[in-house]
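**Q** Next come the chains, spelled out residue by residue.
Protein chains: 2
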Amino acid sequence: MIQPFDDTYFMRKALQEAEVAFEKGEIPVGAVIVVEDRIIARTHNLTELLNDVTAHAEMQAITSAANFLGGKYLTKCTLYVTLEPCQMCAGALYWSQISKIVYGASDEQRGFKILGTKLHPKTKIIGGVLADEASELMKRFFIEKRNLN
Amino acid sequence: MIQPFDDTYFMRKALQEAEVAFEKGEIPVGAVIVVEDRIIARTHNLTELLNDVTAHAEMQAITSAANFLGGKYLTKCTLYVTLEPCQMCAGALYWSQISKIVYGASDEQRGFKILGTKLHPKTKIIGGVLADEASELMKRFFIEKRNLN
Numbered sequence: 001m002i003q004p005f006d007d008t009y010f011m012r013k014a015l016q017e018a019e020v021a022f023e024k025g026e027i028p029v030g031a032v033i034v035v036e037d038r039i040i041a042r043t044h045n046l047t048e049l050l051n052d053v054t055a056h057a058e059m060q061a062i063t064s065a066a067n068f069l070g071g072k073y074l075t076k077c078t079l080y081v082t083l084e085p086c087q088m089c090a091g092a093l094y095w096s097q098i099s100k101i102v103y104g105a106s107d108e109q110r111g112f113k114i115l116g117t118k119l120h121p122k123t124k125i126i127g128g129v130l131a132d133e134a135s136e137l138m139k140r141f142f143i144e145k146r147n148l149n
Numbered sequence: 001m002i003q004p005f006d007d008t009y010f011m012r013k014a015l016q017e018a019e020v021a022f023e024k025g026e027i028p029v030g031a032v033i034v035v036e037d038r039i040i041a042r043t044h045n046l047t048e049l050l051n052d053v054t055a056h057a058e059m060q061a062i063t064s065a066a067n068f069l070g071g072k073y074l075t076k077c078t079l080y081v082t083l084e085p086c087q088m089c090a091g092a093l094y095w096s097q098i099s100k101i102v103y104g105a106s107d108e109q110r111g112f113k114i115l116g117t118k119l120h121p122k123t124k125i126i127g128g129v130l131a132d133e134a135s136e137l138m139k140r141f142f143i144e145k146r147n148l149n
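Top to bottom, those sequences are chains B and V. When you line the first sequence up against UniProt numbering, it's residues 1 to 149, in that order. When you line the second sequence up against UniProt numbering, it's residues 1 to 149, in that order.
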């Protein structure tokens with residue numbers, strides 16, 4: 001049987017958000033949060049526009065999903081994010097008790113894995129979904145940025 | 001010479017914020033951010049009111065200070081917070097490149113120290129300022145909460 005709503009499907013939606021960030025001159029990271037195959041939050045990095053280091057895609061997605069659900073715990077939710085979360089975002093995800101985190105590209109320098117950030121014991125992690133697409137977008141962003149300066 | 005604007009002075013301001021949180025039924029944590037002896041952000045935990053796990057006092061203080069300064073880096077700022085920051089807040093403080101963090105009570109379970117969250121190499125840390133006052137407020141909060149249930 002065909003399963004249209006798989007991890008790749010939702011990661012494509014997160015990648016679309018990352019592309020929106022790219023167009024705005026933001027480091028291109030996008031996220032969606034899903035409950036029972038329904039997207040309840042779509043966000044992208046806005047640290048430049050908002051002048052705010054806390055405005056990562058994941059942080060906004062957590063706030064937005066909690067607002068939609070009317071409660072602060074995301075125990076039945078899955079986050080799809082194009083880049084491995086940083087310490088801050090992983091720390092926020094810990095508090096949210098989210099069920100599942102699916103990320104695209106790894107962040108070998110500032111990702112939560114290498115830095116050892118603790119997640120909630122109930123949270124499942126899957127990495128590497130559409131990682132090449134996410135990496136390509138990041139690389140293209142930094143090349144274009146370099147050429148503009 | 002008398003130095004009225006010392007770490008204790010500003011921690012008292014953060015404690016006043018924690019008391020406001022207490023009155024609202026929030027876990028009583030307060031924060032202020034200071035530049036050249038001037039308070040540019042005053043915040044307290046609002047996770048219950050906002051239904052948002054990201055609404056810790058420190059996160060709001062970072063956003064508020066960046067808004068005041070018109071830039072996202074807090075390189076000349078000091079954060080005073082009544083409780084040791086968690087992974088999320090320490091992760092946000094890492095991105096902010098803040099100069100100095102002064103906290104009150106330690107958090108042996110969920111504090112950034114025990115969990116090993118990385119701070120910016122330029123950030124100085126001082127702990128234990130008015131720690132007893134901050135701990136007392138927390139204890140009183142949880143005792144009252146227990147008695148209400």
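Among the hints, erroneous ones may be present.
With a straight-line cut-off of 27 angstroms between C-alpha atoms, the simulated DSS-like cross-links for lysine-lysine are [as the list claims (entries may be wrong)]:
| no. | chain 1 | residue 1 | chain 2 | residue 2 |
| --- | --- | --- | --- | --- |
| 1 | B | Lys113 | V | Lys139 |
| 2 | B | Lys113 | V | Lys113 |
| 3 | V | Lys13 | B | Lys118 |
| 4 | B | Lys113 | B | Lys76 |
| 5 | V | Lys139 | B | Lys118 |
| 6 | V | Lys118 | B | Lys139 |
| 7 | V | Lys118 | B | Lys118 |
| 8 | V | Lys118 | B | Lys124 |
Derived from the structure by calculation, the hints contain no laboratory data.
**Q** Confirm or reject each hint.
**A** Hints versus structure:
For the suggested pair lysine 113 of chain B and lysine 139 of chain V, the alpha carbons sit about 34 angstroms apart, so the restraint of at most 27 angstroms is broken. Distance check on the hinted pair: lysine 113 of chain B and lysine 113 of chain V sit about 17 angstroms apart at the alpha-carbon level, within 27 angstroms; holds. Among the hinted pairs, lysine 13 of chain V with lysine 118 of chain B is inconsistent with the structure: their alpha-carbon atoms are about 31 angstroms apart, more than 27 angstroms. Taking the CA atoms of lysine 113 of chain B and lysine 76 of chain B, the gap is about 23 angstroms. The hint holds against a cut of 27 angstroms.
Using a Cα cut-off of 27 angstroms, the hinted pair lysine 139 of chain V and lysine 118 of chain B holds, with the two alpha carbons roughly 25 angstroms apart. Distance hint between lysine 118 of chain V and lysine 139 of chain B is fulfilled; the C-alpha atoms sit about 25 angstroms from each other, no more than 27 angstroms. Our distance criterion of 27 angstroms between C-alpha atoms is met by lysine 118 of chain V and lysine 118 of chain B, whose separation comes to about 12 angstroms. Taking the CA atoms of lysine 118 of chain V and lysine 124 of chain B, the gap is near 23 angstroms; set against the 27 angstroms cutoff, the hint holds.
Checked against the numbered hints above, the structure violates hints 1, 3; every other hint is satisfied.
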